[in-house]
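Engineer: Since the structure of chain U is already known, use the hints to place chain P on it.
If you read the sequences in order, they're chains U and P. Heads up: take any position in the first sequence, counting from 1, add 55, and you land on the working numbering. Heads up: take any position in the second sequence, counting from 1, add 1232, and you land on the working numbering.
Hints in this document: simulated from the structure, not taken from any laboratory. Since we're looking at a predicted model, the values are computed, not measured. We put the beta carbon where it would ideally sit given N, CA and C, even for glycine. Be aware that a few hints might be false.
Unchecked claim - Taking lysine-lysine and the BS3-like style, the derived pairs with C-alpha atoms no more than 25 Å apart in a straight line are:
hint : chain 1 : residue 1 : chain 2 : residue 2
1    : U       : Lys298    : P       : Lys1577
2    : U       : Lys300    : P       : Lys1324
3    : P       : Lys1523   : P       : Lys1607
4    : P       : Lys1541   : P       : Lys1587
5    : U       : Lys294    : P       : Lys1354
6    : P       : Lys1523   : P       : Lys1416
7    : P       : Lys1590   : U       : Lys298
8    : U       : Lys230    : P       : Lys1407
9    : U       : Lys294    : P       : Lys1541
10   : U       : Lys294    : P       : Lys1523
11   : U       : Lys217    : P       : Lys1577
12   : U       : Lys217    : P       : Lys1407
13   : U       : Lys217    : P       : Lys1508
14   : P       : Lys1324   : U       : Lys298
Unchecked claim - Which chain P residues face chain U? A few, computed with CB under 8 Å, are given here:
hint : residue
15   : Trp1358
16   : Asp1367
17   : Pro1368
18   : Lys1424
19   : Phe1427
20   : Asn1578
21   : Tyr1585
What the hints assert, rightly or not - Interface residues of chain U toward chain P, partial, derived using beta-carbon atoms under 7 Å:
hint : residue
22   : Val164
23   : Phe165
24   : Val222
25   : Ser292
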Amino acid sequence: MKEKLHPFHISVLVFMIQAGVVVFFLPRMLAQYMGYNGWVAIPLFSVVATFNIFLISIVYRLGDGRSIFQIMEQSLSKLIVYPVYTYLIVVWTLLGCIAAKQYIILFQVFVFPTTPIMYIKLLVDIIAFSLIIKGIYNISKAATVFFWMVIWTILMLTFFIKGFEWVNLTPFFFKESTNVVVGSISIFSSFLGYELVLLLFPYVDSKKGFMKAVYFGNFLTTIVYLSISFVCFGFYSFKQLTKMKFPLVDLLAYIRLPFVERVENIFLALYLVTSLMSITMYIWAATETAKSLIPRANKRWITAILVCCAFVVSWIPNMLSEVELWLKYLGYMALGIAFGLPLMLIAILVIHNGGKKIA
Amino acid sequence: MLKVLRLFLTVALLVTVTGCGDQRILERLGFIQTTSYDLAPRKENESEQKLMISVTIPRPDSGSGSGSGSGSGSGTGGVNREFLTAISSTSKESRIILSRQTELQLVSGQLRNTLFGLSLAKQGIWKHIDTLVRDPSISPRVKITVVNGNAHDLLTKNYPFHPRTGQYIDRMLEKESLSQIVPKTSLYQFTKDYFDDGIDPIAPIIKEVGDSVKIDGIALFRKDRYIMRIDPKQSIIFALMRADITQGEISVDLSGENRNNEHVTLSSLVSHRSVKVTPRKGNFHVDINIKVSGSVLEYIGVLDLEKNKDRSTIEKLVSQYIRTDAEQLIANMQQNRIDSLGLGKNIRSTLSYAKWHKMNWPDTYRNIDVQCHVKVQIKDYGMFTK
Chain U
56 MKEKLHPFHI
66 SVLVFMIQAG
76 VVVFFLPRML
86 AQYMGYNGWV
96 AIPLFSVVAT
106 FNIFLISIVY
116 RLGDGRSIFQ
126 IMEQSLSKLI
136 VYPVYTYLIV
146 VWTLLGCIAA
156 KQYIILFQVF
166 VFPTTPIMYI
176 KLLVDIIAFS
186 LIIKGIYNIS
196 KAATVFFWMV
206 IWTILMLTFF
216 IKGFEWVNLT
226 PFFFKESTNV
236 VVGSISIFSS
246 FLGYELVLLL
256 FPYVDSKKGF
266 MKAVYFGNFL
276 TTIVYLSISF
286 VCFGFYSFKQ
296 LTKMKFPLVD
306 LLAYIRLPFV
316 ERVENIFLAL
326 YLVTSLMSIT
336 MYIWAATETA
346 KSLIPRANKR
356 WITAILVCCA
366 FVVSWIPNML
376 SEVELWLKYL
386 GYMALGIAFG
396 LPLMLIAILV
406 IHNGGKKIA
Chain P
1233 MLKVLRLFLT
1243 VALLVTVTGC
1253 GDQRILERLG
1263 FIQTTSYDLA
1273 PRKENESEQK
1283 LMISVTIPRP
1293 DSGSGSGSGS
1303 GSGSGTGGVN
1313 REFLTAISST
1323 SKESRIILSR
1333 QTELQLVSGQ
1343 LRNTLFGLSL
1353 AKQGIWKHID
1363 TLVRDPSISP
1373 RVKITVVNGN
1383 AHDLLTKNYP
1393 FHPRTGQYID
1403 RMLEKESLSQ
1413 IVPKTSLYQF
1423 TKDYFDDGID
1433 PIAPIIKEVG
1443 DSVKIDGIAL
1453 FRKDRYIMRI
1463 DPKQSIIFAL
1473 MRADITQGEI
1483 SVDLSGENRN
1493 NEHVTLSSLV
1503 SHRSVKVTPR
1513 KGNFHVDINI
1523 KVSGSVLEYI
1533 GVLDLEKNKD
1543 RSTIEKLVSQ
1553 YIRTDAEQLI
1563 ANMQQNRIDS
1573 LGLGKNIRST
1583 LSYAKWHKMN
1593 WPDTYRNIDV
1603 QCHVKVQIKD
1613 YGMFTK
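Isolated chain U (complex conformation) (with noise of 0.2 Å):
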């Protein structure tokens, strides 16, 4: 019998899928759509993403186990399976392809600003292509280490209680909020990754707690995401926060320690990590999903083709704000899988049950 994933590993997965380039930037959304103590929404939108992994619960416990993909076929007809596979995988590519580019733009921006931005991509593709045909377990225990590369720096927030000010967090909620619904959407994408424990079934074992690993790996995401919000919300102004385009870089280059300034390059260098784990997931993904698409095709060349067309179509958005624009509509689309996915998979369920006793 094959290993089966720890709960550990599963929640820290969960962490590294979900924390991406994104936690660069929350802050300023927050207050760009949110308005003043924006921080605040985070937890509401942690329940929102709560409920839903609640969905994804429903569908592991009334499915026994089994994958989505057979959930899917035995009751689906083809015709109806394999346009959602095609769209799956294509979301799924997408996504992890220009979540890459965004955060390789943004790295280029700091760290090597005359470097191809392309060349820098390709070697990125390299490690997440080796990754990923290594198979999900390999990939868990290289975010666990991933994970402990990164976590630490959470520490580093503690060096500004100096300059935090509560009198900066105003008593004022929710005041000069712009676009909130599309605001709240593009926020709450960014706790988007833990859908993709759907595909996680047939690898976990089913007495250990593996959804409860799963509530906490989003628990994780949240507390890490308001206490960086908060901390940005006290140590500037809101209407400076505004105009931050990455808060989160401009705090770690305030920090100096007696013996090095200037620190923001190497942290950037090390959350590449957890955009590596956010692509190379997204990719495993599509490749699971293009596998049941053709079962008798080898993982590895998949996996090639797949990795080769993310890097080919990452080529065109070029401008950040054109990246930004992609990741918005592909961030709509993987909300739709989000929730889409599991509620037609219960209703699948339910129909295909029909009047079995619901465990």
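Structural biologist: Relative to the frame of chain U, chain P by itself:
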């Protein structure tokens, strides 16, 4: 087959990754240490007001005395600096002009201080600061300093006892900010206060005096325009009103309190400041409570530091002195409609969003009633008795 591919990839990576594209060779870089901004003297038939921008670049490698045409300064101790000046419309344009004057690649990663000439500061400096905060290579800790006079002249000069002018000013400001004589105004702090509607930015102000540069007090801004200056003698009182301090010194001449020829100096000041806002019939009453403790290392006068009663008299006299000066400063700031103490932030905290925005803060600020309550405590009085 796969092994061959893997080998090929490894070799390809090794070859490409190590041949870095973004090269930065230390010897070929010119690390700008200080930049100065001034209004350029206006030429006839010139419609646009141009800027005079100068930079200093430390050059430890070049021999002493040799200088480039644009005014390289030589210093003692074998360290040189390169000094470049350009006249242009914008600050980034000047970078291109400056770059034409040197063989080094100019980089701003080590920029420590920016000096603004007084005439420019009076016109507003935000558009220049905006370029600085936009540039990812510039640290948010870069200092902002106003020069009482011409910044270019102050920076171009070589001061005999201070080999590198840029570094000399930077270190002096760093040191003086510890004892609260000048505020620590960085890009971060200035931007923060500029965008906050409840406070106005401040910056240190310096001046050229013969063979040295001297701290000339604190420059107070309304938004980004220089409005008034606080004398260095009163800097410490301003600091006490603005925030909690953990280090500082105050020298008090008690003749103002009807005690002629009596002086007292309090060192190792530690203070705590709290602000209480009470709304009063469409206006506000603001109490600034300041608690200061320090040790007396110098007292010239008739009282006996050993006696509790006399010590408490000195405490009262010093409190009275600080209070009078503080209230005078506030009245001055109110008259100029600049809220450098950030009282607006405290008042904002007591109001609803609608009320705060309905009120025109700079106008209201002028009429609010501010009172200072100062409590001085003498912690100790040295290790020798009279």
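Engineer: Could you tell me which of the hints above the structure violates, numbers in ascending order?
Structural biologist: Violated hints: 4, 8, 9, 10, 15, 16; rest satisfied.
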